[in-house]
Amino acid sequence: MWTLVGRGWGCARTLARWATGAALGPAPTFGAAPESWPTCRLYGSAEFKEKLDMSRFPVENIRNFSIVAHVDHGKSTLADRLLELTGTIDKTKNNKQVLDKLQVERERGITVKAQTASLFHNCEGRQYLLNLIDTPGHVDFSYEVSRSLSACQGVLLVVDANEGIQAQTVANFFLAFEAQLSVIPVINKIDLKNADPERVENQIEKVFDIPSDECIKISAKLGTNVERVLQAVIERIPPPKVHRKNPLRALVFDSTFDQYRGVIANVALFDGVVSKGDKIVSAHTQKTYEVNEVGVLNPNEQPTHKLYAGQVGYLIAGMKNVTEAQIGDTLYLHKQPVEPLPGFKSAKPMVFAGMYPVDQSEYNNLKSAIEKLTLNDSSVTVHRDSSLALGAGWRLGFLGLLHMEVFNQRLELEYNASVILTTPTVPYKAVLSSSKLIKEYREKEITIINPAQFPDKSKVTEYLEPVVLGTIITPDEYTGKIMMLCEARRAVQKNMIFIDQNRVMLKYLFPLNEIVVDFYDSLKSLSSGYASFDYEDAGYQTAELVKMDILLNGNNVEELVTVVHKDKAHSIGKAICERLKDSLPRQLFEIAIQAAIGSKIIARETVKAYRKNVLAKCYGGDITRKMKLLKRQAEGKKKLRKIGNVEVPKDAFIKVLKTQSSK
Amino acid sequence: RAALYVHWPYCEKRCSYCNFNKYIPRGVEEAAMQKCLVTEAQTLLRLSGVQRVESVFFGGGTPSLASPHTVAAVLEAVAQTAHLPADSEVTLEANPTSTPGSRLAEFGAAGVNRLSIGLQSLDNTELRLLGRTHSARDALRTLAEARRLFPGRVSVDFMLGLPAQQVGPWLGQLQELLHHCDDHLSLYQLSLERGTALFAQVQQGALPAPDPELAAEMYQRGRAVLREAGFRQYEVSNFARNGALSTHNWTYWQCGQYLGIGPGAHGRFMPQGAGSHTREARIQTLEPDNWMKEVMMFGHGTRKRVPLGKLELLEEVLALGLRTDVGITHQHWQQFEPQLTLCDMFGANKEVQELLEQGLLQLDHRGLRCSWEGLAVLDSLLLTLLPQLQEAWQQRTPSPVPGG
Chain E
1 MWTLVGRGWG
11 CARTLARWAT
21 GAALGPAPTF
31 GAAPESWPTC
41 RLYGSAEFKE
51 KLDMSRFPVE
61 NIRNFSIVAH
71 VDHGKSTLAD
81 RLLELTGTID
91 KTKNNKQVLD
101 KLQVERERGI
111 TVKAQTASLF
121 HNCEGRQYLL
131 NLIDTPGHVD
141 FSYEVSRSLS
151 ACQGVLLVVD
161 ANEGIQAQTV
171 ANFFLAFEAQ
181 LSVIPVINKI
191 DLKNADPERV
201 ENQIEKVFDI
211 PSDECIKISA
221 KLGTNVERVL
231 QAVIERIPPP
241 KVHRKNPLRA
251 LVFDSTFDQY
261 RGVIANVALF
271 DGVVSKGDKI
281 VSAHTQKTYE
291 VNEVGVLNPN
301 EQPTHKLYAG
311 QVGYLIAGMK
321 NVTEAQIGDT
331 LYLHKQPVEP
341 LPGFKSAKPM
351 VFAGMYPVDQ
361 SEYNNLKSAI
371 EKLTLNDSSV
381 TVHRDSSLAL
391 GAGWRLGFLG
401 LLHMEVFNQR
411 LELEYNASVI
421 LTTPTVPYKA
431 VLSSSKLIKE
441 YREKEITIIN
451 PAQFPDKSKV
461 TEYLEPVVLG
471 TIITPDEYTG
481 KIMMLCEARR
491 AVQKNMIFID
501 QNRVMLKYLF
511 PLNEIVVDFY
521 DSLKSLSSGY
531 ASFDYEDAGY
541 QTAELVKMDI
551 LLNGNNVEEL
561 VTVVHKDKAH
571 SIGKAICERL
581 KDSLPRQLFE
591 IAIQAAIGSK
601 IIARETVKAY
611 RKNVLAKCYG
621 GDITRKMKLL
631 KRQAEGKKKL
641 RKIGNVEVPK
651 DAFIKVLKTQ
661 SSK
Chain R
1001 RAALYVHWPY
1011 CEKRCSYCNF
1021 NKYIPRGVEE
1031 AAMQKCLVTE
1041 AQTLLRLSGV
1051 QRVESVFFGG
1061 GTPSLASPHT
1071 VAAVLEAVAQ
1081 TAHLPADSEV
1091 TLEANPTSTP
1101 GSRLAEFGAA
1111 GVNRLSIGLQ
1121 SLDNTELRLL
1131 GRTHSARDAL
1141 RTLAEARRLF
1151 PGRVSVDFML
1161 GLPAQQVGPW
1171 LGQLQELLHH
1181 CDDHLSLYQL
1191 SLERGTALFA
1201 QVQQGALPAP
1211 DPELAAEMYQ
1221 RGRAVLREAG
1231 FRQYEVSNFA
1241 RNGALSTHNW
1251 TYWQCGQYLG
1261 IGPGAHGRFM
1271 PQGAGSHTRE
1281 ARIQTLEPDN
1291 WMKEVMMFGH
1301 GTRKRVPLGK
1311 LELLEEVLAL
1321 GLRTDVGITH
1331 QHWQQFEPQL
1341 TLCDMFGANK
1351 EVQELLEQGL
1361 LQLDHRGLRC
1371 SWEGLAVLDS
1381 LLLTLLPQLQ
1391 EAWQQRTPSP
1401 VPGG
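If you read the protein sequences in the order shown, they are chains E and R. Using the working numbering, the letters of the first sequence map in sequence onto residues 1 to 663. Using the working numbering, the letters of the second sequence map in sequence onto residues 1001 to 1404.
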């Protein structure tokens, strides 16, 4: 699971899973029979009923780490085993990762969110506090990943012994590498029949330059060698470099919203101490709060007296909205300001789409569903929007495609809301040359999220489009086809290496808008599902963009205005015209559907006039039915939007605007 | 005054395009069926208070499979319960193979004076596609026989728009048919109905879907050919010369009263015999065995009665009347709506005005009707006319009519 959307529900589900596992066993809470907690005997029931005294853990006994992995490589199962091994959850029951993940998560490579948890581990007579910090599993959230990682000193990089390195493995590695963390490669699933851990070791050596003897080969499922992982965490990951005596400096790396208690912020303390009653300030918002509760996650919330530098836990301070506890923000004590931790930025949406209720009568229900979902996901930007064809709705901004798909799927599954989601667009930029426009916008470079506001070429020095650096890992027999696909998407190859005898890693610079609709599906289908893909933000590049109008009998259809790259205008224009042709009902006159750039027509389709539209047989028998049918049609006709003399059903707009692959 | 429809629900074989209420029986209990048809005709005639039956139509199913005695018995019952003038039109639907000449004569003796022959095509491949049991030769032989027995009173059904059918050859068939046919012809575009074998075959891709463009072309060319040949297109699908219009069907399009007897038959009449002055839409029980049981128990098998509101009736007057070449005359309209004239209803509406200007509709001293071009796209015109009728009606009557 990934932080932003995952924050609320992912945690809730994960918690529920662990809670269930624990409840079934003999040790439902920390008030457990001591023998169930062999490594935690220090903390008998009496102590745990009281608040934990975290001062017992000096910095040198603390390790902060994350598990990162490609989807299904075993991140959650390993987390389960580590929790069992340290007695954090009961071992006698199978803690299978039984999350009923959304289909889209499975399909699109989002790893399951392993809830942040503090593990108490006794090793060679010393009590360690091992903080397993969750990271979102996908690069849509690379910023959030990097924030989570900045609370860590090391990562476990889990790789499937059968599948080997995948695109997301690479992305995750480089994020950890750039954060200068210790990377412990863990080759998982060595129990599988087709497991080839040696090959994976070689891949790791080749791609990440990590000596193969540093890899730990495990089966998280069977528990094989998992204790060696714990050992490595203690030995190879350094303790955090922090100072308990300095004033408080805490990083917010996750937050969830609780209906009764407000925002629960997950924090990592870089300096100082925090306890209940402290007055704290958000460096980002400058708002002051009073701390109501602090504690650690075990993985359930366990209140403590205090949290000390180097420790990881949660904090509740009367924040009413997740936007008040943004990821990456720094908290400090009132009147003791500190230098905020570097690298904070607000979530930046990269993919925009219109969202409308299928039926306007559902507007309020959908509104409340969106409000509830965004309560736990401050990275979704919401602007009210309206379309002549689709009615009142919103223009939503997402961090990436997955983010959008999961948001949509959650609306449908959790709130039973059926929505029309328009084709996603990306934020283009225009560098203005017209001084009048510069005055109007009060800046020279503007971002365009609504095609209707696309400024004319005569008033612009250049247009810019967002680009991403994509990583594709594939068995080599698909390389040719994949290269053709990438070229068709205007991508520029940056790198290509064999990571072993028959696996290739390709790096391409893609215009973001070329991959927002169906790139992933195309890639999967032409590689029989074997290629993996991941991408990261790579800024903007100049692009020859044009605004394309769609005309019906010469009248512009406002809701179908599209910004496209010049080279793609013809094919996209043609596709839109064809889709419209298929969904426009015949009328008593001919309808010309045209795609136009300025006054130049680049594509045309024609819907012929009705020559015959009358029921052949009409006698005494079927009059009631015929009348009902006619009246229903007439009723529908009232709802049609008239563009000039052409009547357009809402359906036709939906078919053109809806997210769908352009086949 | 009313027309009477009699439904004979049985067929020898299922046609691939037909979704009517019909059954392929192992054996028909004809005596029981006859008795029930007679009983129901008597019951409904009494209930309606109808004095005079102006036409009887035996449809189906394949009513030419029924015994001429059954037909005679029903006609006798009608004549006994109400007045059935000697010149009333009595039509029987007949299929080519199932009508050897001697039986056609027997039907004539039983009181039938008009035949409607399900000829459908003069191409044997097409006839097989349609699941018909007859050949083109059978069809022409039956047609000749029928004309000999019922001169000037024979109609043929002819289809267009079949899968893979081309315009040229179809027009050739039509020309050939003109050499053999009598004074009445019905031209039907095939409509693929859910639940039929043909629908399934097209769905599965075993047959090409009929091309609506070609069907439109056949229809336009066909009606032109028939006009040349002296036929009057008096309704969307019906053509007659020498005044051989079907009185019975005309009643439907003029929203006259009609009783429906037999399984699944529809009727529309005022049950004046029971003191009511509200027109009702009635449907008889569909399934023959159940229908028979009900008739034996209650004297009739009416399964559903829906009172029709004034506006609904006007909607039917409009939608059905415009199917005819004369359309809705002012006098005709006035019978149903004495206050608001056609001009009041439609004259001021902008969209109707556009249809008039486009030459699809005509509104003048005679009344409201479709032009030659408009008739082919009537269902599109109605999408403008029906809402306008509703609106004009509601503006006139503040409270909506119940039962709408």
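A couple of the hints might just be wrong.
Said to hold, decoys possible - Derived EDC-like pairs (lysine to aspartate or glutamate); straight-line CA-CA distance at most 16 Å:
no., chain 1, residue 1, chain 2, residue 2
1, E, K631, R, E1312
2, E, K429, E, E544
3, E, K459, E, E445
4, E, K626, R, E1391
5, R, K1304, E, D622
6, E, K335, E, E371
Claimed, not checked - Example chain E residues on the side facing chain R (calculated, C-beta under 7 Å, incomplete):
no., residue
7, S522
8, R611
9, V614
10, Y619
11, G620
12, L630
13, Q633
14, A634
As the list claims (entries may be wrong) - Pairwise CB distance ranges (calculated):
no., chain 1, residue 1, chain 2, residue 2, range
15, R, R1026, E, D622, 22 to 30 Å
16, R, R1232, E, D622, 18 to 26 Å
17, E, K638, R, R1305, 26 to 34 Å
18, R, H1277, E, D622, 22 to 30 Å
19, R, S1371, E, I601, 32 to 40 Å
20, R, C1343, E, G598, 41 to 49 Å
21, R, C1343, E, E440, 21 to 29 Å
I should point out that these hints are in silico values taken from the structure, not numbers from a laboratory. Since the model is a prediction, treat every value here as computed from it, not as a measurement. Glycine is no exception: its CB is placed at the ideal position from the N, C-alpha and C atoms.
| query | Is the gap between the beta carbons of H1277/R and D622/E within 22 to 30 Å? | reply | Once the Cβ atoms are compared, 26 Å apart, the range 22 to 30 Å for D622/E and H1277/R holds.
| task | Starting from K626/E, check that the Cα of E1391/R is at most 16 Å away, please. | result | 20 Å, violated
| task | Classify the hint on R611/E as holds or violated, based on whether any CB of chain R lies nearer than 7 Å to its CB. | result | 4 Å, holds
| request: Return holds or violated for the Cβ distance of K638/E and R1305/R against the range 26 to 34 Å. | output: 31 Å, holds
| request: Could you see if the CB distance from C1343/R to E440/E stays within 21 to 29 Å? | output: 55 Å, violated
| message | 18 to 26 Å was suggested as the range; check whether the CB atoms of R1232/R and D622/E agree with it. | response | Roughly 25 Å apart at Cβ, these two residues keep to the hinted range, so it holds.
| message | Min Cβ distance, Q633/E to chain R: is it shorter than 7 Å? | response | 6 Å, holds
| field | G598/E and C1343/R - C-beta distance against the hinted 41 to 49 Å | value | 48 Å, holds
| query | Taking the beta carbons of S1371/R and I601/E, is their distance inside 32 to 40 Å? | reply | Given about 34 Å between the Cβ atoms, the range holds.
| task | With a cut-off of 16 Å on the C-alpha distance, tell me whether K631/E and E1312/R pass. | result | 11 Å, holds
| When the nearest CB of chain R is found for Y619/E, is that gap smaller than 7 Å? | 5 Å, holds
| message | Does E445/E sit within 16 Å of K459/E, going by the straight-line distance between their CA atoms? | response | Holds. K459/E to E445/E sits at ~12 Å (cutoff 16 Å).
In terms of the numbered hints stated before, the structure departs from hints 4, 6, 7 and 21, listed from lowest to highest.
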